Each structure stands twice: as C-alpha cells, then as structure tokens.
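Asker: So you can see what is in the structure, the chains are spelled out below.
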Amino acid sequence: MEPFAQFKNVQKSYDGETLVVKDFNLDISPGEFVTLLGPSGSGKTTCLMMMAGFETPTHGEILLQGSPINSLPPHKRGIGMVFQNYALFPHMSIAENLAFPLEVRGLSKAETEEKVAKALSMVQLTGFEGRRPAQLSGGQQQRVALARALVFDPKLVLMDEPLGALDKNLREEMQLEIKHIHEQLNVPMIYVTHDQAEALTMSDRIAVFNDGVVQQLATPDVLYEAPENAFVAQFVGENNRFIGDVVSLDADRCQVKVNGDSVIDCLPVAVTENGNHSTLSIRPERVVINPDEGSFPNIFEAEVKDVIYLGDHLRTRVSVCGNGDFVVKTPNAGGNGALKRGQKVRVGWSLTDCRALDA
Amino acid sequence: MTQNDMGQAPVLTTADGLPLKTSLMRTTRRHRIRAFLLVAPLLLFLVVAFVLPILDMLKRSIENPEVHNHMSRTVEALEGWDGESIPDEPVFAALVQDLVEGGEARTIGTVASRLNYEASGMRSLIMKTSRRAGRIEEGPYKAAVIDIDEDWADVDTWRLIERESDPFTLSYYLSAVDMRYDAEGNIVDQPDYLKIHNALFIRTFWMSAAITGLCLVLGYPIAFLLANTPLRYSNLLMILVLLPFWTSLLVRTTTWIAILQQQGVLNDLLVGIGLISTDNRLQMIYNKTGTMVAMTHILLPFMILPLYSVMKTIPPHYMHAARSLGARPFLAFRRVYFPLTIPGIGAGSILVFILSIGYYITPALVGGQSGIFITNFIAYHMQTSLNWGLAAAIASILLFVVIAFYLVYNRVIGVDNVKLG
Chain H
0 MEPFAQFKNV QKSYDGETLV VKDFNLDISP GEFVTLLGPS GSGKTTCLMM MAGFETPTHG
60 EILLQGSPIN SLPPHKRGIG MVFQNYALFP HMSIAENLAF PLEVRGLSKA ETEEKVAKAL
120 SMVQLTGFEG RRPAQLSGGQ QQRVALARAL VFDPKLVLMD EPLGALDKNL REEMQLEIKH
180 IHEQLNVPMI YVTHDQAEAL TMSDRIAVFN DGVVQQLATP DVLYEAPENA FVAQFVGENN
240 RFIGDVVSLD ADRCQVKVNG DSVIDCLPVA VTENGNHSTL SIRPERVVIN PDEGSFPNIF
300 EAEVKDVIYL GDHLRTRVSV CGNGDFVVKT PNAGGNGALK RGQKVRVGWS LTDCRALDA
Chain B
0 MTQNDMGQAP VLTTADGLPL KTSLMRTTRR HRIRAFLLVA PLLLFLVVAF VLPILDMLKR
60 SIENPEVHNH MSRTVEALEG WDGESIPDEP VFAALVQDLV EGGEARTIGT VASRLNYEAS
120 GMRSLIMKTS RRAGRIEEGP YKAAVIDIDE DWADVDTWRL IERESDPFTL SYYLSAVDMR
180 YDAEGNIVDQ PDYLKIHNAL FIRTFWMSAA ITGLCLVLGY PIAFLLANTP LRYSNLLMIL
240 VLLPFWTSLL VRTTTWIAIL QQQGVLNDLL VGIGLISTDN RLQMIYNKTG TMVAMTHILL
300 PFMILPLYSV MKTIPPHYMH AARSLGARPF LAFRRVYFPL TIPGIGAGSI LVFILSIGYY
360 ITPALVGGQS GIFITNFIAY HMQTSLNWGL AAAIASILLF VVIAFYLVYN RVIGVDNVKL
420 G
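First to last, the protein sequences are chains H and B.
Sequential numbering from 0 applies to the first sequence in numbering that gives the first Met the number 0.
Sequential numbering from 0 applies to the second sequence in numbering that gives the first Met the number 0.
Hint data in this document are derived by calculation from the structure and do not stem from the laboratory.
Please note that the accuracy of each hint is not assured.
What follows is a list of derived Cβ distance ranges for each label pair [claimed, not checked]:
1. Thr17/H / Leu36/B: 55 to 65 Å
2. Asp191/B / Ala133/H: 55 to 65 Å
3. Ala133/H / Trp387/B: 49 to 59 Å
4. Lys20/B / Glu113/H: 54 to 64 Å
5. Tyr359/B / Thr17/H: 28 to 38 Å
6. Leu106/H / Phe337/B: 14 to 24 Å
7. Val264/B / Lys75/H: 23 to 33 Å
Note that the structure is predicted; figures quoted are calculated from it, not measured.
The beta carbon of each residue, even a glycine, is placed where N, CA and C say it ideally should be.
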C-alpha cells in the first residue's frame, strides 16, 4: 500500500552548525496512529512542525498523499493540529473556535452549525457552545482543541504533547478517548510525546527519537520486548543494565563478561564480534527470585538492598554482578513480603530476556 | 449556638469569646497602619500638587466674586429692582458709595476688568465714574451719576451689574465655547469675529485623533517586531524606542525645526535631488504639518509600549493554530492576532490622545499660527490676558473631555486591561 504521508531523508538545522533532525525517514499508512517519542530536544517536535508547515526542512522531502508539500504553506495543507497549550482563541466562544476552520473554508452557515454540533457531541461537550475557553477546565479545553482539529475533516492530525498539562487520571482518560476517536474516524495521526507509557498505550507504531535520530521504529510490543539499542531499552519501560565485553559469540547466543568475573549468557542483538563492548538489558519483571536450580542459564547470588511495596507489585532492589541498582519486579501474589534487607538470595533470568545491545 | 435566636446568623467568635471580625481587625491593624504610612508621602504629594490645584482650577472657572464683594451695597440696593426701568435714587447712592470706597481701596479695578469681559466699555465707565464720584458732595445722586456718563441711564448696564452680582457664573464656560450672555441675559453665540475657541477645540481634537492614528499605524509594526524578534535584537530595538524618552523634549522639538524648516535638511535634500525648485521650498513647519510630525515622534513610545506589553503575552501558537486550521496569513492576523491586541490598541490610543490634547510646548514651538492647540490659548489667558477664570474654564473642559474618554474606554475595554511594559 502506498504510504499516506512520508518523511524522506529529512534534515533540519536552525543555525547552520548543528542538525536538530538527522536523516529522518517515516512512512505513515492510511489510518495509522504513529507516535514520535523522545526526550525533550530530541527533534520530535521539529519533525511535527515540518509536517505542519511551520518549519521548512533544510534537506529532504515531505510528502502527503504522494505529492511533495515542502513549499506548501500551512493553511493549504489541510492538516489538523492540537497544540501543547491547546491554543484555543480566547476571544472566541467554543462554537466560534470550532467554526473558525469551517468559516475560512467558506462553508455555509447551516453546514458549519451542523459540523460544529457533531464535533462537540463527539467530545461530549454539547451545551458548551457559548462558553469562552477560559471558562472551561483543562480537560474540557483539551477536548475542544481536539474537536477543532478534527471538525474540518483533515487529511492528517498532528498532536504536540496534547496531554502534558493534565493530571494523571485525566491524562489516562483522555488517552483512551483520543484512541477511541482515532478508531472511529480512522484518520492518520502523528502524536508527539515524551511519556513512554502514553506512547505504548495509544500508538500503532512508535518512533523513538534521540539526538535527532530515530533509534527504533516499531510497534509498542516489539519496542518493549525487543529494543534494538541501549537507548530504546532504557527509555521505553524500566530496564536493568550490565556493561561488559563479549567473550564468546554464536548466532543465537553470546556470553558477556561483566564486573571482571561474572559471565552472563544472552541474546546477541547488536554485537558483531568477540571483544565488543556491550550493554545488557533485562526487564525487571523477567527476573525470578530464588529460581529452581538449573531452570535458567543465568543464576547469580544477590543481596537484597531494599523492598518497596507498591500495592499490586513489589520492587526489590538487589545487588548482583556488581550492579547495586538491579530491580526485580514481582507481582503481589501473597507471601512475597518475606525478603529483608541484607538477605542473600539468588536471581535468575533466561537467555532471550537478556539482550546484548550496543555499548 | 443554642443561645442564638432562630434565623439570626450566629456571630463567630475566637476561643476567648471575642467576635472573629474584631479579632481579625486587631491583628491586621498594625499592617494596615504600616501600609498607609508607606503611601502617605505620595498621598500628601498628590493632594498638594494635584488634587488641590485641580479643585482650585475648577473653583476659579465658575467663581465670580468681584461685583459681589466690592459693590456689595449696590448689589443689595438692586434687590427688588424690576429690571425694566432705570433704578431709583437709593441704588445710585449705594453705587456712589461703593465706587468711592472701591477707588480708595484700589479694588474697583478688578470689578472694572470683570465687567469689561462681558461688555467692552465697562472698564472705562467704572473707572471714570469712580474717579469723579468723589466729587459728588450730596444728592440727588441719580442725576449726578448720569451726568458723569449717560451709560448709567442705560438699563443694560444695570442688568449686567445685577447679573454679575451672583458669586458664581457660567460666563467663563460660555466664552470658552464662544458663547455669551446677551443684554437680556440669554445665552447666545458670540459674534463671528470674536469666535476663536471652538475652532481651536475642534482643531485640537482632530489633530490629536490624527496623531493617535499616525502613532498607531507607525507603532503597531514596531511593537510587533519588538514582541516577536529574539531577545538580543529586540533589546536593541527597545533601546531605539526608548531613546527619545531619554532626550529632552526641547531638543527633540528643535531638531524637527532644523529638519523641516524652509532652509532645513529635508528641503535642501529635496532641492538637491531636483524634486522641487529652490523657489518652491515646502512649508513643513510652523503649521499643522510641523505639529503633527513632531508630536507623533514624541508620543510614539506611549503607543508602542502598551502595544508591546500586550503582544508579548500573545503566544505564537495562536497564529500557528489559525494557520493550521486553514486561514491565510492575513486572515489569521485579522481574525486572531488583531482582536487579541485590542486592549493594547485601546491603552495606547487613549494614552496618546489624552497626552496630545493637553500638549503645549511642541505646538507652541513648531505650530506657528495654524498649528497651535487650545492649550496654547490657556497659556495665553494665563500669561497675557490674565483672564484666569477663562483659562480655568478651558482647562476644565479639557479635563472633562479626558474623564469622558476614560469612562468610555473603561466601558468598552476595561482599565484593568491596561498594561504598560
């Protein structure tokens, strides 16, 4: 299928000395929800602004439905955008805000009213037509901003950290609502966030940004289960790390020596030869405390540093193979609270759960 | 609680039984006294230097003590006069007494001047009669006084004296707007050759409006630039805007004389590049043009600063949102950016307009005959004609206009929205 929108070898520099975005490539399929995830300053918002037309790529091409839009001004792109601070026009009522994109397109009054009413009912704000944005709560303003970006049936919707200003509960509620609206309208969306949980919840695919480069572009489960480099492993989800050197390497198994003497069996992902420096990544919930003898290739002695009770699960911080910050997450199945600080335990994990990534 | 009658709200008390309000007042009293003491010097200054002079000006604009105080006997004797015939002997007797006494106390001159504002000739009539009245030894005074000047046999003279015997008068306000009392005491227009203030009021207002408009047209883009360029450039730009503030008003005004006069820089330039011949040098100063150019330059910062402070608070994503919603740049500006700057436009406009209708020095220096403002006439009445009552009346009218504009502005935009930097 032909991609709906495309970034092709896009580069962006503001000062002519450093690249904010280095060779960005992304194909967006019709109806897809793609998230650009990354820490602040990683170039994700710049990419969004280039798609919206507020920034011009220094190099490369941006295509929408097959045609290049590099030189198309923002108002001719037909792309809806939700801004971080909503950007609702404070001097207009909610209805006027929603009618704005329709009026500038010259729609008739009746048609405008109908679409505004429909958009408001979609975000469950019917009856708020006459209010001013300042009279609404943050969550309500967010809904209006969403409705305004959708009311003119845009080809593509861009969202720039739209939920950043909301509190946690409201944010989770809005995530599901946006997801729901996306499924309903089936319009492709590009979503920018620095919150990995949000990205995992909502997206079809996630592009993890760092330092102007896409580190990995994959579906949420692949991104979490099979990170391709140390940055992605660290940024998406929680992660335990070991740093060491490869001592033996097969096609589907390698051994890495960490902390001078411990040798860990792991899955080679980004190592190519013996002697490579490597960062090992193990998810905390994949580690088992006091496993049966011989059940895992990796079983090590550890000392409990502390146990944090989190209700549904326990976080046990142990010191193992020279890593004093190794976290084990165990579901609260009862009877787990017996571990005490200073206690000696054994921890084990399988070969496939331990990924040997780049240094 | 149980002791309170039904329906009466219980008085909240502190733990030791004092009413809560009393207790609160006590604890905050010290703060309030300290706060008041801090503003007291300014308050005192404002009262002495601002409120009292304005009240005095307002009083002077309607005050009319001369006839009432210095011709009190005549005024008393005139009570019950029918206003149609020449008054009787007792009035003339009182007049002679007043004039003789006033002549000795040298107070009669102020009465003569005051009456002369209303009808020319009154000054000489009063002064002449005052001088000669001393020689009248005994009655009947009526014939003797009419013998000195037969204007005393004119009913209009007496009507004037009676009318001006009131300690308060509107006549200063009337002459400030080119009107007067006629002989019968009706309010009528001044004869055309005496009309001068209305034209000046109108000129002051339309030129102030034009200057405000020019400031807005010139200042809006500058304010926009200031609010939207990176900090290091906008700081430089801000200094350029503020530079005029740090330069003497006289220097700025006289600079415009050097530039705009007929042998000045601009005319030389135009002649030099052959646009005009040296015989047709443009008259750009000592007229309305001069006043407008110089005042626009001087008042421009007062427009730019309020505009800038409002524009500074408008985040760029409003315009981005409008553009992404499909509005052309100009439409986005007109529908979104411009309406958000209206408080700034209002604040700047009212500031420039109020300042310019009260401007004096610049029109006086570069206005010539055709470019002066009503304020220059206030100064004229203060310094040259010494008709302080009229000066006060004109100034009061300006004050009322300013207050009216302020109230309208407050209604339409709201003073709370004014931000200055």
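Asker: Indicate, hint by hint, whether the structure satisfies it.
Answerer: Status of each hint after checking the structure:
1. Thr17/H / Leu36/B: 55 to 65 Å: holds (57 Å)
2. Asp191/B / Ala133/H: 55 to 65 Å: holds (57 Å)
3. Ala133/H / Trp387/B: 49 to 59 Å: holds (52 Å)
4. Lys20/B / Glu113/H: 54 to 64 Å: Between Lys20/B and Glu113/H, where Cβ atoms are some 57 Å apart, the hint holds.
5. Tyr359/B / Thr17/H: 28 to 38 Å: violated (57 Å)
6. Leu106/H / Phe337/B: 14 to 24 Å: holds (23 Å)
7. Val264/B / Lys75/H: 23 to 33 Å: Between Val264/B and Lys75/H, where Cβ atoms are some 48 Å apart, the hint is violated.
Hint compliance for this structure: hints 5, 7 are not met, and every other hint is.
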